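There are 2 protein chains.
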Amino acid sequence: MIIDCHGHYTTAPKPLQDFRDAQLAQIKEGKKSCLAPPTMSDDAIRESLEGAQLKFQRERGTDVTIFSPRASAMAHHIGDESVSLAWSEVCNDVIARVCGLYPKNFVGVCQLPQSPGVPPAHSARELERCVNELGFIGCNLNPDPSGGNWTSPPLTDKHWYPLYEKMVELDVPAMVHVSASCNPNFHATGAHYINADTTAFMQFIQGDLFKDFPTLRFIIPHGGGAVPFHWGRYRGLAQDMKRPPLPEMMKNNVFFDTCVYHKPGIELLLRVVPHDNILFGSEMVGAVRGIDPKTGQYYDDTKRYLDAMDLDAKTRTKLFEGNARRVYPRLAKALAH
Amino acid sequence: MIIDCHGHYTTAPKPLQDFRDAQLAQIKEGKKSCLAPPTMSDDAIRESLEGAQLKFQRERGTDVTIFSPRASAMAHHIGDESVSLAWSEVCNDVIARVCGLYPKNFVGVCQLPQSPGVPPAHSARELERCVNELGFIGCNLNPDPSGGNWTSPPLTDKHWYPLYEKMVELDVPAMVHVSASCNPNFHATGAHYINADTTAFMQFIQGDLFKDFPTLRFIIPHGGGAVPFHWGRYRGLAQDMKRPPLPEMMKNNVFFDTCVYHKPGIELLLRVVPHDNILFGSEMVGAVRGIDPKTGQYYDDTKRYLDAMDLDAKTRTKLFEGNARRVYPRLAKALAH
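Protein chains in written order, with my numbering: chain D, 1 to 337; chain Y, 1 to 337.
Simulated from the structure, these hints should not be mistaken for lab results.
Given the structure is predicted, the values throughout are model-derived calculations rather than measurements.
Be careful, since some hints might not be right.
A pair counts as met if it fits within one copy or between any two copies, since identical chains are not told apart.
With a straight-line cut-off of 20 angstroms between C-alpha atoms, the simulated EDC-like cross-links for lysine to aspartate or glutamate are [to be verified]:
id, residue 1, residue 2
1, 104, 50
2, 32, 18
3, 294, 240
4, 294, 248
5, 314, 165
6, 263, 292
7, 242, 292
8, 211, 81
9, 251, 80
10, 211, 248
11, 158, 267
12, 166, 292
13, 166, 89
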């Protein structure tokens, strides 16, 4: 089985964006009334997927996508906690519809109703709802709900602990995933995403988070940001700081996906990062949508880069399936339904 | 000749830090009196280099280091413009002493007296002094003088143009180099530095800076941050955004150094980035000071990784010398003295 651990619903039917637009309009006008959730037919949802994610699953030969709301649209910096909660509920409910329509193709991961300055504990209830009521298997955790101003404490700070307690209790991991950037310095998918990945990894080197939470698990997307390219730098920094070696720190707690859009990058990733800590992912349909004129293939068809590497069967199974099942223990049950 | 384009005076004699400490004490006390510049003997300067940078030059077989004040100590976010100017002048003067004592081994690059919210134009005078009076050949430009809060406009914004005009007039490049981080999210050398590199590159993709300044040149240090690892992502983003292909954008304007502290990373760098845009650098003595137990060699001995690659003579000359001479046209004259 080939499990893509990183997909977002970037092609959702228009009513979802209409709902968001109505929310944004309310914020502008200073209003605060309850908005009706968007209505969309099953057919509209099917149509939005058949020509995109499902088509690519079939064409590329992947089986199931761990699927979450569009990351760049989470925009936790917009509005307050109530806006973020309403938007998260609506987005997560749409993911649940997708998973209900295609239970073999999609398993849900939720958006959290984070908001700048609001305790992460406040996100625990929506996480619990998504896991217990909607059958989701994880969440996307935004280390910077301020959208590029980085006003929250590091992920190793006790600020985040109440949410981690809920994650541990539910036995679900989080993908560390920022959203849109309202800081003009940071292009969202070209800088903010990658910077957040790098930043989170360095925080994990510095902190003792996994002593406090031995079963807490994070997926750092986009191949771990800059980390594999600078593996020697991070090994050296950890050593100079008398911190544990990277494979020891990562072992049961920190995982990278394979959202790296060229073969040399994927090869480096597999050359330096322990194979037990890499999960196949493509971020499809996502940040890069074009076809590479040099290969005639989609940049984000990351399976192709792995297939070209002639991996042994054991490694292949780990990367495409085994590691994902280990990181997302609820996946097995979700797929059995 | 082997030119290391990236070295900082991280081992300066104690009076330099004493001066800074006195400055910091003044800020705390709200005082503003003129501090006497630090005094140090030629012997103290020699001693600080003989056991460190010079020793490594000899051991590793490099000839000359393009040398600037300690980057993490620039700390432009501390104090105001006058503090930053006094500190920059003192640091640059010490670099000039180094270059005077060892004119074959070191060529100067200056720290700029940037300060949050202060127009970059105000740094032009110190740049001019360093180039015209001290014989320096470039500068370090901090894209985030706020130290991790990223409050300045992107590098492609007209905000920076007056300084660029001076750089072009003097025909000197800038290394894009942040300093210490006062944002607890960002470890300085482990996150802030690398994030800034990635961020700057994405800004250059988005903007039309080099149409306005065809001869403006930037070195993005630390191998270009995350960029080579995500070369496919950046190629794809540029393509989706209908921006020029990366090699075309970089051609005469954007260069990466080789401060990547393991062989697989260096190999990737050389595999994807045009060789005309890579300058040998080590950041020695800098971010990572340890010895890799796997190789028995210093992590930051980047020449060793390149030497192990069995490059042809033409490529080798480009990387170790030719490209640096092209990017720093004043280097030839400085070395001739």
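Hints breached by this structure: 5, 8, 9, 11 and 12
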